[in-house]
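If you're matching positions, the sequence shown starts at 1 in the numbering used here and goes up one per residue.
It should be emphasised that the hints constitute simulated quantities derived from the structure, not laboratory data. Honestly, I wouldn't trust all of these hints.
To be verified - Label-pair ranges, simulated between beta-carbon atoms:
(1) G51 to T6: 46 to 54 Å
(2) L37 to S62: 25 to 33 Å
(3) G30 to A68: 37 to 45 Å
(4) L60 to W82: 30 to 38 Å
(5) E75 to S36: 50 to 58 Å
(6) G67 to F42: 55 to 63 Å
(7) S62 to V23: 25 to 33 Å
(8) D31 to L60: 48 to 56 Å
(9) I40 to V81: 26 to 34 Å
Using N, Cα and C, we set each Cβ at its ideal position, and we do this for glycine too.
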Amino acid sequence: MKMISTLVRIGILLVGILIFSNVADSSNWGDSSSSSLDNISFATNMLVDWGFVVILIGVLLSMAMVGAAYLVRDERKENLVWNGGESSD
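Throw the hints in and build the complete structure from the sequences for me.
Here it is, written out as structure tokens:
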């Protein structure tokens, strides 16, 4: 089982190196055109034109995080007692 785990980790590392080398190779990317967005245009589009959508997605993600925190909390009696396991009940 440990050998399979090691082989899977090595495989994931090799796939990551392969993907990174393909993405980093400049021959895979075309020449930049003048019609493409620069950073200022992208920021303006995201924060001005799409501002409501960005805020709505942020609210939904924060609700998901609160829900996840609620689901993973542990309320068993032994985890709620602070004084060395002594209960005042």
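Check: Which hint numbers doesn't this structure obey?
Finding: 6, 8, 9
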